[in-house]
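K.L.:
Here is how the chains run, residue by residue.
Protein chains: 2
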Amino acid sequence: MLVWLKGYRRSWLAGDLAAGAVVAMMMVPQGMAYALVAGLPPVAGIYASILPLLLYALFGTSSSQSVGPMAIISLMTASALAPLAAPGSSLYLTLAGQLALMSGAVLLACGLLRLGFLANFFSKPVMNGFTLGSSILIAWDQLGTLLGAELPHWHGPSAALGLGALALLVLARRHGAALLRRCGLAAGAADIGARLAPMLLVIGAIVVVWALDLDRIGVRVIGQVPAGLPHLNLAVSNAHWQQLLKPALLIGFMCFLLSMSGAQALAAKKGEKLLTNAELVGLGAANIGSFLSGAFPVTASLSRSAVNFSAGANSQLAGIVTALLLGAALVLPTGWLAPLPLPVLAATIIVAVLGMLETATLRTAWRYDRADALALLATAGGVLLLGVEAGVVAGLLLSLGTMIWRESRPHIAVLGRIAGTEHFRNVERYETETRSGVLLLRVDAGLFFGNVEAVNASVEEALALHPGTRDLVLVLSAVNAIDTSALFGLLDLNAELARRGLRLHLAEVKGPVMDRLKQSALPDKLSGKIFLSTANAWTALSYQDE
Amino acid sequence: MLVWLKGYRRSWLAGDLAAGAVVAMMMVPQGMAYALVAGLPPVAGIYASILPLLLYALFGTSSSQSVGPMAIISLMTASALAPLAAPGSSLYLTLAGQLALMSGAVLLACGLLRLGFLANFFSKPVMNGFTLGSSILIAWDQLGTLLGAELPHWHGPSAALGLGALALLVLARRHGAALLRRCGLAAGAADIGARLAPMLLVIGAIVVVWALDLDRIGVRVIGQVPAGLPHLNLAVSNAHWQQLLKPALLIGFMCFLLSMSGAQALAAKKGEKLLTNAELVGLGAANIGSFLSGAFPVTASLSRSAVNFSAGANSQLAGIVTALLLGAALVLPTGWLAPLPLPVLAATIIVAVLGMLETATLRTAWRYDRADALALLATAGGVLLLGVEAGVVAGLLLSLGTMIWRESRPHIAVLGRIAGTEHFRNVERYETETRSGVLLLRVDAGLFFGNVEAVNASVEEALALHPGTRDLVLVLSAVNAIDTSALFGLLDLNAELARRGLRLHLAEVKGPVMDRLKQSALPDKLSGKIFLSTANAWTALSYQDE
Chain A
1 MLVWLKGYRR
11 SWLAGDLAAG
21 AVVAMMMVPQ
31 GMAYALVAGL
41 PPVAGIYASI
51 LPLLLYALFG
61 TSSSQSVGPM
71 AIISLMTASA
81 LAPLAAPGSS
91 LYLTLAGQLA
101 LMSGAVLLAC
111 GLLRLGFLAN
121 FFSKPVMNGF
131 TLGSSILIAW
141 DQLGTLLGAE
151 LPHWHGPSAA
161 LGLGALALLV
171 LARRHGAALL
181 RRCGLAAGAA
191 DIGARLAPML
201 LVIGAIVVVW
211 ALDLDRIGVR
221 VIGQVPAGLP
231 HLNLAVSNAH
241 WQQLLKPALL
251 IGFMCFLLSM
261 SGAQALAAKK
271 GEKLLTNAEL
281 VGLGAANIGS
291 FLSGAFPVTA
301 SLSRSAVNFS
311 AGANSQLAGI
321 VTALLLGAAL
331 VLPTGWLAPL
341 PLPVLAATII
351 VAVLGMLETA
361 TLRTAWRYDR
371 ADALALLATA
381 GGVLLLGVEA
391 GVVAGLLLSL
401 GTMIWRESRP
411 HIAVLGRIAG
421 TEHFRNVERY
431 ETETRSGVLL
441 LRVDAGLFFG
451 NVEAVNASVE
461 EALALHPGTR
471 DLVLVLSAVN
481 AIDTSALFGL
491 LDLNAELARR
501 GLRLHLAEVK
511 GPVMDRLKQS
521 ALPDKLSGKI
531 FLSTANAWTA
541 LSYQDE
Chain B
1 MLVWLKGYRR
11 SWLAGDLAAG
21 AVVAMMMVPQ
31 GMAYALVAGL
41 PPVAGIYASI
51 LPLLLYALFG
61 TSSSQSVGPM
71 AIISLMTASA
81 LAPLAAPGSS
91 LYLTLAGQLA
101 LMSGAVLLAC
111 GLLRLGFLAN
121 FFSKPVMNGF
131 TLGSSILIAW
141 DQLGTLLGAE
151 LPHWHGPSAA
161 LGLGALALLV
171 LARRHGAALL
181 RRCGLAAGAA
191 DIGARLAPML
201 LVIGAIVVVW
211 ALDLDRIGVR
221 VIGQVPAGLP
231 HLNLAVSNAH
241 WQQLLKPALL
251 IGFMCFLLSM
261 SGAQALAAKK
271 GEKLLTNAEL
281 VGLGAANIGS
291 FLSGAFPVTA
301 SLSRSAVNFS
311 AGANSQLAGI
321 VTALLLGAAL
331 VLPTGWLAPL
341 PLPVLAATII
351 VAVLGMLETA
361 TLRTAWRYDR
371 ADALALLATA
381 GGVLLLGVEA
391 GVVAGLLLSL
401 GTMIWRESRP
411 HIAVLGRIAG
421 TEHFRNVERY
431 ETETRSGVLL
441 LRVDAGLFFG
451 NVEAVNASVE
461 EALALHPGTR
471 DLVLVLSAVN
481 AIDTSALFGL
491 LDLNAELARR
501 GLRLHLAEVK
511 GPVMDRLKQS
521 ALPDKLSGKI
531 FLSTANAWTA
541 LSYQDE
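Protein sequences, first through last, are from chains A and B.
Here the first sequence stands for residues 1 to 546, where the numbers follow the UniProt record's numbering.
Here the second sequence stands for residues 1 to 546, where the numbers follow the UniProt record's numbering.
Don't read these hints as lab results, they were simulated from the structure.
Just so you know, not all the hints are guaranteed correct.
Because identical chains share one entry, a pair is satisfied inside a single copy or across any pair of copies.
Unchecked claim - Restricting the straight-line Cα-Cα distance to at most 25 Å, the calculated cross-link-like pairs of lysine to any residue (SDA-like) are: (1) Lys-518 x Ala-186; (2) Lys-246 x Ala-178; (3) Lys-510 x Ser-477; (4) Lys-518 x Asn-426; (5) Lys-525 x Leu-385; (6) Lys-246 x Leu-385; (7) Lys-246 x Leu-168.
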């Protein structure tokens, strides 16, 4: 807790203050927009950016992570609550907070149980596919708001505001930094300045709507934002714990993945070591804070953390500054926000999520490993066709599926001796000598449940091609582990070969693998011997031959 | 289709006829009992054992598999339908058939898409845990029927019949075969004879109930079994396709796993090669046949297939014989079955499922690999606490979880040269020489999304311990594959090391791995070189040193 405070240096202060202020200005439109994505009143997005940031600063470890509302997590929240309550109803508000509480509890529990390795369950292409599908889904959902009516209709003034905002934001993203640099700003400052375009646009849009009374002619605005800090919320619906369990698990999991994928990149840039389990605790505390504020699930967003980092954040103090500034904004009069037009918020959402898209991963995977590219596309398709929850499950199964599929077809080589040496190589690639009656097989994969059958089948195939075999030697130099399923597989193979009068030997068993095997019945039951090296096996078995 | 018929030998006929008859006699009580587990009328269990067997004989490949109702699949059926319809209602019957149709379609599609590798998703300990949990759940559910009343009450005469049957079945299972051998039967025949105990018991129980009019005093009986073959059923509920999708996927998956785990053992005994994808097609066809018969999902059960095998089945003709005999039994008068007491059927179920239990896997795993043992117990616990569907998902995640967890902590060794040789070994295990400025690291695991971060973290740790390093050589002799995520990981590592003025080299890249890497940007972007052998790297880098 507050580990960063002990090593705090005075020289960090300026950077932390600046970054905190920049992120606070970014957070106002972003928080309100993502609250709308989650189906909640805009002010909930600000509530989700005060206490959660303070709690993350207490428990988290990353100096640049910026916790708060995030588009994909808001989408998942809306998707989880849609079947349970009507958006805007008081039950909906309660359940959104409860979901943050439960996701937070899941994250906290995973952190305390040291389950950080769960972050390794998604492959990079699948994560990319998930982001791709979710971004398109979010952008599509905002089109109606952008144009001011249910598709395929549109409302002229709203559409003009929305599309105008969209155009300005795209221009700002593409050319904003260059423009500011030409105006004399340093490169870093220019990049950050361009990131504040949404906030400037929001202020501009408020002025336009207010001046032209556009809300009178049908432009939807966010309306009165209640002033004051959030009240302490402890409301839960006891009837819904079970129904919220699965979404809470999935949201907790994705909060963690989304946060880690950004944090790792930033930590590497700073040479920081990220404590995965501490990070889980920090995110868990932040989500529980969001529940207490009556808000909804939060996580660190890559884009916001990157701004925080570039703006000079040196410690979690930057987050505390952001939280204090946002708190102050709520304590001051909030009436000026009321004319903020929804089409402009929709435009900020669309530009933000489409900014998450990149095709480099897909292109690389397509050339490098087609299966990974297909997993990426299938995950994106799953999100679009089956929804975001099914998309997480599909992504999980596709990540693991591609791996199991790969691992379930291990490479197995028949070895021969390079004449006159103690080297043994693949007979298909080298000029080697073999000995009739002795078959040397090298298995190039760890043995585990996913390839037990494939290995046994390959062994049978090899035996069928070498009919006179009496001694089979499995060379385990590339076998880094043997799990319980594979142990049973070896015992079965040994028994089956013994039944047919063949002996099974092992050679070059690695130290850690051998340590485990000694705890099993295999060494006793093995019909043959365990040799230190292939050369030993070769000599010993030729001796028996004579 | 009918591949086995082409090679049929006359000498097989006797065995096939005998096995077919034995399995038919086993199937009568088993089919009716498992129909009850699934919440269906007993006759549905016989229906599920006619057309499905004929279709499996057409499309399946295993000569000993015995398809039909199976306890765990019946439990999954009941659990899937419980929230959708009342057992005994006409909707329930429709949905049970629809579930068989959908599971069958899933199996068929997986077979045609050659997705047989999906059988590799469950580890043996997790499968064992799943069977353990399901067996206990099934036995527990039958306790009320066994004792003739809702627990904790019991109905005297029913309980007497049920517990008596239980005692007789346990005795028959423990000592039946020995007794028959002492009566002069050969060992094989005695084993099979003992397996017919349930059928004999059923006949005895019918006589007792009929003679003593026990149904008048409250013993529940199965009642009138409709005579005649099943009518063609095509009924589906269009409102339920979506709700049945998840259960159908899970049931299809478990049908396949349960069937394969038995089939593989028997195929090995016969030296047969099991065609996984053909097996999927056979099981799919059988389930669609069960739908057409108005029954419920079916699979091959290990215990029944083992009896089929021991009784001499040489081909799928044995299954056809079983189907014909059961069809004949339905065409003949069926009134004699009516007094069959439910407590006795419950006893056959309890003995059958408890017979599936074995503790050898748990004991072996506990000694050999604690994580596998815990996964076994957690899966069993998941089934018992959360239900059988959640149990499948838990099993899947635990199988894959234990693997990812293991793989996410790869072993990485610092290598040194054994003086005067070209051999490089772990500096901690051998007397070696190292060269300042050059760090050789051997990674003992395939590189994939699950260990990208761990590998990069280990590299950083090793670098921190060897502060003067200018050249880092990754020795990839034990790396059998590098997936897209790991490719990005290597690119990141390369960029990060270059930023710090370190060069990254690779050595001993395996052929198939190198073929892939050539399709990527890595060879161009690599700050160092790719060496054929560690010795080459050692020589080249020492040359630069001078």
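K.L.:
Would you mind marking each hint as holding or not holding in the structure?
P.N.:
Structure-based check of each hint:
Taking identical chains as interchangeable, the C-alpha atoms of Lys-518 and Ala-186 are never at most 25 Å apart, the minima being 65 Å within one chain and 40 Å between chains. Taking CA atoms no more than 25 Å apart as the test, Lys-246 paired with Ala-178 passes in neither setting, with 46 Å inside one copy and 52 Å between copies. Taking the shortest alpha-carbon separations for Lys-510 and Ser-477, both the intra-copy value of 7 Å and the inter-copy value of 14 Å come in at or below 25 Å. Taking the shortest alpha-carbon separations for Lys-518 and Asn-426, only the inter-copy value of 22 Å comes in at or below 25 Å, while the best intra-copy value is 29 Å.
Proximity of Lys-525 and Leu-385 under a CA criterion of 25 Å is satisfied in neither setting, with 53 Å inside one chain copy and 38 Å between copies. Within a single copy, Lys-246 and Leu-385 get their C-alpha atoms as close as 20 Å, and across copies as close as 16 Å, so both meet the 25 Å cut-off. Within a single copy, Lys-246 and Leu-168 get their C-alpha atoms no closer than 40 Å, and across copies no closer than 45 Å, so neither meets the 25 Å cut-off.
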